[in-house]
Amino acid sequence: MNMLSYRGVYLWDVETKGAGVRLKAPMGSMDTLSMCAEKTGCRLEVQGYGGFPAKIRRFHGRQVLTAGILLFAIGLYFLSSFIWVIKVEGNERVAKEDILTYCQELGLKPAAWKRGINTEKITKDILIQFPDISWVSVGIKGTDVTIKVAETIQKAEVVDKETPCDIIANTDGVILKITAERGTPKVKEGDVVKKGDVLISSEVLIGLEGEAQHTEYVAAEGVVMAKIWQQLTEELPLSYDEKVYTGAIKTNHVLSFFGQDADFIRPTLGDSEADVDVLFEKDLALGDFKIPISLKKEQYNLYTLEKRSRTVDEAKAELEDILRKKTEQSVSVYGKIEKISAQYDEYTDCVRATGQAELTERIDEKRKAEKGRDAVDGTDGTNDTNGQ
Amino acid sequence: MDLRRGVSEALDLPKEIMLDLPLISLMGREEITIENHKGILTYGEESIRIGTKAGTLCIRGEDLGLKQLTTDVLVITGKVVALEFLT
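If you read the sequences in order, they're chains Y and S. Mapping of the first sequence onto our numbering: residues 808 to 1195, in sequence order. Mapping of the second sequence onto our numbering: residues 4 to 90, in sequence order.
Isolated chain Y, as found in the complex (with noise of 0.2 Å):
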């Protein structure tokens, strides 16, 4: 042992066996091994091989088998080159979706390239693209990119007191109520009003009736209430098909590559036809390496249809509902349904429901002030006042 040591020839897991020991070295100092037990008058006896390089041996002439593990891991490393996973972490109001499409459009996709994505590039283009986001941070691990992101802090919304503007009308109607915090009320309660009217008006004089008088542009600002009207038309069939579901399910299972499905057993569904489920869907990986093969599993709702008829009555009463649901829709938070009316013409197939639906809505809208558009000091400029 000392010999050999001194030939550098390494030594491990050395046990005595009876009168001999019994040790480990490495298989390409089998010629020291031999040359050393010869000299030292040693008996060498081989009790087995073992390790990587005995490993390697034992695929001599399993040709197919040492193909076919190496094809498997040259397809392991080419896949691996590829991203198949996008996160996006830390954002709030930036979507996520207007994130990702962006990205897309720099390259940063499923199934692209790994070596062909430039991060630091992508980190300016996003800090660029989004204003929102102060801190882009995009990290490749595997084959997933994590794009870590922190958002700006969100701007108090700025009222603009110094631009003089009007309040104007975005609808027809009725004045219910107004209501001026700054401005001159142009309309009163009752007014018909079109859209575009001004309601609060910019202009302001200021002084008292019989002294000179002067005008100044304010930014306008009030609330008006009004009633409004909104045309409604709908249609539906008297005759139509319903699906009827059979309570029949089945199950499938499918395997997609690069994100096409291979279903190649597809359950039978007969003469119904089926709304299919998803109830898992998980994606094979090796570690931290995402392979691009899904397995899915599926549930069919077998369901047939089956022609179905509804009376006028029973149509005008749907109709009805969807006027309500729709009318509901438009509303904002300020405005309330008043009444709905509509009328109903009957035809062979089908009923058209034509009605108006009466609202209380809020009607003020700014707009820039034509006048005093151009003044600093709130002024038109021009002189207004009386007697001077």
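No lab work stands behind these hints, which were simulated from the structure alone. Don't take each hint at face value.
Claimed, not checked - Once the Cα atoms are required to be at most 25 Å apart in a straight line, the calculated BS3-like pairs of lysine-lysine come out as: (1) S:K41 / Y:K1104; (2) Y:K824 / S:K18; (3) Y:K846 / S:K41; (4) Y:K824 / S:K82; (5) S:K41 / Y:K831; (6) Y:K824 / Y:K1001; (7) Y:K1133 / Y:K1175; (8) Y:K984 / Y:K1175; (9) Y:K1175 / Y:K1001; (10) Y:K894 / Y:K862; (11) Y:K862 / S:K82; (12) Y:K824 / S:K41; (13) Y:K831 / S:K18.
Fit chain S to the known structure of chain Y by using the hints.
Frame of chain Y, contents of chain S only:
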């Protein structure tokens, strides 16, 4: 030798290098690492003698075994009972 010792002490250089002395490290009583050894003199499960520049080192214990052996380093495992320099 005295000059080397003096230089090593004056310059605070490692003595195992300057004086070619063995560096013996014990991990509990389970493993001994000896660097700068001069070879194995006797080998057995209860006693192993190692040649060093500082003298013959006798390690006594139970189920002693040689875990590694290279030109410079020697690692012995087992339950160590005693370490003794014989000469």
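Q) Honestly, which of those hints from before does the structure not fit? A) As far as the earlier hints go, 1, 2, 6, 7, 10, 11 and 13 are violated by this structure, in ascending order.
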